[in-house]
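S.K.: Given next are the chains, with one letter for each unit.
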Amino acid sequence: MAKVRESVMRIVFLLTALMSVLCVLFVCFFLFTNGLPAIAKIGPLDFLGGIKWKPESNEFGIFPMILGSLYVTCGAIILGVPIGILTAVFIAFFCPTRIKSAVEFVTSLMAGIPSIIYGFFGLTVLVPLINDVFGVRGKGILAASVLLAIMILPTIISISQQALEAVQRSYFEGAIALGASKERSVFFVVLPAAKSGVLASIVLGIGRAIGETMAVVMVAGNQAVIPESVFDGVRTMTTNIVLEMGYAADLHREALIATGVVLFVFILLINMLFSILRSKERVQ
Amino acid sequence: MNNKATQGKDLLSVILRGITVAAAVITGVTVAIIVGYILIKGIPSIDSSLFALNYTSDNQSLTTSFINTVLMTALALVIAVPLGVGAAIYLTEYTRNSGKLVTLIRYAAETLAGIPSIVYGLFGMLFFVVSLRMGFSLLAGSLTIAIMVLPTIMRTSEEALLSVPMQYREGAFALGAGKLRTVFRVILPAASSGILSGMILAIGRIVGESAALIFTAGTVAEFPTSVFSSTRTLSVHMYSLASEGLHIDKAYATAVVLLALVAIINAAALLVMRRITKGRQHL
Chain A
1 MAKVRESVMR IVFLLTALMS VLCVLFVCFF LFTNGLPAIA KIGPLDFLGG
51 IKWKPESNEF GIFPMILGSL YVTCGAIILG VPIGILTAVF IAFFCPTRIK
101 SAVEFVTSLM AGIPSIIYGF FGLTVLVPLI NDVFGVRGKG ILAASVLLAI
151 MILPTIISIS QQALEAVQRS YFEGAIALGA SKERSVFFVV LPAAKSGVLA
201 SIVLGIGRAI GETMAVVMVA GNQAVIPESV FDGVRTMTTN IVLEMGYAAD
251 LHREALIATG VVLFVFILLI NMLFSILRSK ERVQ
Chain B
1 MNNKATQGKD LLSVILRGIT VAAAVITGVT VAIIVGYILI KGIPSIDSSL
51 FALNYTSDNQ SLTTSFINTV LMTALALVIA VPLGVGAAIY LTEYTRNSGK
101 LVTLIRYAAE TLAGIPSIVY GLFGMLFFVV SLRMGFSLLA GSLTIAIMVL
151 PTIMRTSEEA LLSVPMQYRE GAFALGAGKL RTVFRVILPA ASSGILSGMI
201 LAIGRIVGES AALIFTAGTV AEFPTSVFSS TRTLSVHMYS LASEGLHIDK
251 AYATAVVLLA LVAIINAAAL LVMRRITKGR QHL
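Heads up: the sequence lines are chains A and B, in that order. In terms of the working numbering, the first sequence opens at residue 1 and continues consecutively. In terms of the working numbering, the second sequence opens at residue 1 and continues consecutively.
Please keep in mind that the hints were generated in silico from the structure rather than gathered at the bench. Computed from a predicted structure; not experimentally measured. Incorrect hints may have been included.
Footprint (simulated), chain B over chain A, 3 or more residues, beta carbon under 8 Å [stated by the list, open to error]:
#1 6 to 13
#2 115 to 127
#3 259 to 272
The following residues of chain B were derived to be distant from chain A, with all beta-carbon distances above 10 Å [said to hold, decoys possible]:
#4 ILE33
#5 SER48
#6 ALA74
#7 VAL78
#8 ARG133
#9 MET166
#10 PHE173
#11 SER192
Glycine included, each C-beta is placed from N, C-alpha and C at the ideal position.
Could you build all of it, start to finish, from the sequences and the hints given here?
M.R.: If you want it as structure tokens, here you go:
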């Protein structure tokens, strides 16, 4: 009897473990079966390369949105990555022990603040600020990039910090013993040794930025055209879905799901890159 | 150059130290500005009408959304915690080696963790709302969000189980306990704080979620009568306030409540985690 119970529970635990695999398969299946037919109907080239998004006249080109997602993500990476990595270095090596737990509370709070609050802050502070400083309409690539840079900071900080702290202490001590200053040891010995972990944090940051929706929709302006400057309004793949899903029907609705499919493929590629970097780190 | 901090240091080292401190200050100041701004603008707008029992388009009360959030969170956890903890038990107690199946499970969990909430929203709409005919509902929303937090619960539970010393298992086996008894009576209690901190992190994510819920749970600001009622959580309520732009003072006030909630949840998670590290030191 006990033996039966043991083996039954073993199978139950196995099934719960397989749930995550099942969920991934279900997500893939439902997105692809609902999105791919629309891409086929519109024509893959017209869909991915088309520069006109006019649902009312059945034109569904998402090239401006793909470009929009890439622009705001690039902007967020350029602004957020240096600050994030340097902050991680500070927390891991230069932070006085007295304030370390306060600093860690701040980064965890940053990760916990809902995107809608970031978006609201962007709308009420960043957009008017950009408007005042540059004399342009504040909503656009710049506002979205700055906001996303802030939002990916906790991801970059915590993963980079873990990577830096996982580097063997002897690297640091060796550099110090050779007469290098603490700063030089950290930057030229420990940081290069933590390279793949730091890169993984950037890749994860890219994933967060490209997938962010509710904050971006409030500050990006949302025009479905190819932007010409960093002040121009922009629409990303994520915001395209959330803006129109509420009222879309038929092919329009399918085209929005297909936008989700394209976004999903981007995310899968980014995840793959992240896993490769992570396994490299483990080998080291 | 008799300054103590820079004594015996070359220029490059001073610069490197300077930029790390500057970056940390920028990060800290940014958080302070965001939190401070919301508090300063929002606290004066908090009044009793914000917590009125019934929502009207006039008072924009957050009571219903708050209760919906609690229900949504509870339901999502009821679904996700057994699955996540069960998976973690399988990964740590039943297969320590990294076979193909384990690699697949881990890869799937990592993939789930990277999927953005809007994609979960789309999936939830296509699967739960349309295919399973749940409609915009509490149930569809919590199922969607349960999948979303599953990897968080799996990972933190796994870490908690791994940190239980091997002697506990050996001791239990030596006393004649079977595998199941060991797992439920010895290992799970020892790992409970770690699992709890993972649950708190998951609660934080659920409370802050909006993109995955708009197209699964809908936006109706009423008390649900069953799990098939459409509900709006606090974050979704905040979104509709902010995007409508009609009740901007209410939006600030709601933001304060949401922010306070998130701060409490995060502080709780940190406290639980600190208790674990302290407990370890006594071992």
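S.K.: It remains to establish, for every hint, whether it holds in the given structure.
M.R.: Here is how each hint holds up against the structure:
1. Using a Cβ-Cβ cut-off of 8 Å, 5 residues of the region 6 to 13 of chain A lie near chain B, which meets the minimum of three, so the contact claim holds.
2. With 10 residues bearing a CB less than 8 Å from a CB of chain B, the region 115 to 127 of chain A meets the requirement of three and the coverage assertion stands.
3. Interface restraint, the region 259 to 272 of chain A with chain B: holds (7 residues with C-beta to C-beta distance below 8 Å; minimum three).
4. With a cut of 10 Å on Cβ distances, ILE33 (chain B) falls inside the contact zone with chain A, its closest approach being about 8 Å.
5. Against the 10 Å criterion, SER48 (chain B) stays outside the reach of chain A, whose nearest CB is about 23 Å from its own CB.
6. Against the 10 Å criterion, ALA74 (chain B) stays outside the reach of chain A, whose nearest CB is about 19 Å from its own CB.
7. At the 10 Å boundary, the C-beta of VAL78 (chain B) stays outside the reach of chain A, the nearest C-beta of that chain being 14 Å off.
8. For ARG133 (chain B), the shortest C-beta to C-beta distance to chain A comes to about 14 Å, beyond the 10 Å cut-off, and the non-interface label holds.
9. In this structure MET166 (chain B) is separated from chain A by more than 10 Å, as the shortest Cβ-Cβ distance comes to about 19 Å.
10. For PHE173 (chain B), the requirement that its beta carbon stay farther than 10 Å from each beta carbon of chain A is met, with the minimum near 13 Å.
11. Non-interface status of SER192 (chain B) relative to chain A is upheld: no Cβ of that chain comes within 10 Å, the nearest being about 18 Å off.
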